[in-house]
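Colleague: Construct all of the structure, not just a fragment, from the sequences and the given hints.
For my numbering, add 584 to where a residue sits in the sequence shown, where the first one is 1.
It cannot be assumed that every hint is accurate.
[Claimed, not checked] The list that follows gives simulated cross-link-like pairs (lysine-lysine, DSBU-like), each with its CA atoms no further than 35 Å apart:
id : residue 1 : residue 2
1  : K718      : K731
2  : K756      : K622
3  : K718      : K744
4  : K756      : K731
5  : K761      : K622
6  : K718      : K761
7  : K756      : K718
8  : K761      : K744
9  : K731      : K761
10 : K744      : K731
11 : K744      : K622
Keep in mind that the hints were calculated from the coordinates and are not lab data.
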Amino acid sequence: SGSRDATLRLWDIETGQCLHVLMGHVAAVRCVQYDGHKVVSGAYDYTVKVWDPETESCTHTLQGHTNRVYSLQFDGTHIVSGSLDTSIRVWDAESGNCLHTLMGHQSLTSGMELRDNILVSGNADSTVKIWDIKTGQCLQTLQGPSKHQSAVTCLQFSSKFVVTSSDDGTVKLWDLKTGEFV
Numbered sequence: 585s586g587s588r589d590a591t592l593r594l595w596d597i598e599t600g601q602c603l604h605v606l607m608g609h610v611a612a613v614r615c616v617q618y619d620g621h622k623v624v625s626g627a628y629d630y631t632v633k634v635w636d637p638e639t640e641s642c643t644h645t646l647q648g649h650t651n652r653v654y655s656l657q658f659d660g661t662h663i664v665s666g667s668l669d670t671s672i673r674v675w676d677a678e679s680g681n682c683l684h685t686l687m688g689h690q691s692l693t694s695g696m697e698l699r700d701n702i703l704v705s706g707n708a709d710s711t712v713k714i715w716d717i718k719t720g721q722c723l724q725t726l727q728g729p730s731k732h733q734s735a736v737t738c739l740q741f742s743s744k745f746v747v748t749s750s751d752d753g754t755v756k757l758w759d760l761k762t763g764e765f766v
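Modeller: Laid out in structure tokens, this is it:
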């Protein structure tokens, strides 16, 4: 779990006991991902950190965002971070190098899902974009008369569909390949 006190805590799910405290951020930790081996955190200090939970050490500090980090995805190979600076960055998890900076949203990225090199990002600007993280290309923007009228708050996708929800109180279903509202 990430905290406003800038720490991360790893918990034993069965006992509820705190196993590790990770310290290194200098502002509130907004998002955390864990793949069973590494912990990745994004914070209001504009950074993303990669941690070895056993040694409680930070192995990489990923710098490049110019505002708070609000969302993360981590698949073991790639780290994807979304920021209030409106960018989404794709990082190599092993080296810490930034592979792509994805531009196209007008506000903070409020939700993301990453699978098989496809990233779906939802934004406070009410748009949803589908990206190929290998090339950095935007494949689709889910828009038109059926688009959300307020911030996209949650999303999920399968091989065929994207489901999105919004502050406007709606849940919408989209075709992943064509970007059309279903």
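Colleague: Determine for every hint whether it applies to the structure shown.
Modeller: How the hints compare with the structure:
1. Between K718 and K731 the CA atoms are separated by roughly 27 Å; this keeps the pair inside 35 Å, and the hint holds.
2. Between the alpha carbons of K756 and K622 the distance comes to roughly 34 Å, so the proposed pair stays at or under 35 Å and holds.
3. For a cut-off of 35 Å, the pair hint linking K718 to K744 stands: about 20 Å separates their Cα positions.
4. Of the pairs offered as hints, the one joining K756 and K731 holds, with about 8 Å between alpha carbons and a cut-off of 35 Å not exceeded.
5. For the given pair, K761 sits about 32 Å from K622 by alpha-carbon distance, which is consistent with the 35 Å threshold.
6. At most 35 Å may separate the alpha-carbon atoms for a hinted pair to count; K718 and K761 meet this at roughly 17 Å.
7. Annotation: proposed proximity of K756 to K718 holds, straight-line Cα distance about 27 Å (limit 35 Å).
8. Taking the CA atoms of K761 and K744, the gap is near 7 Å; set against the 35 Å cutoff, the hint holds.
9. Pair hint K731 plus K761 holds up; C-alpha atoms about 16 Å apart against a cutoff of 35 Å.
10. Between K744 and K731 the alpha-carbon distance is near 18 Å, which keeps this suggested pair within the 35 Å criterion.
11. For the suggested pair K744 and K622, the alpha carbons sit about 30 Å apart, so the restraint of at most 35 Å is met.
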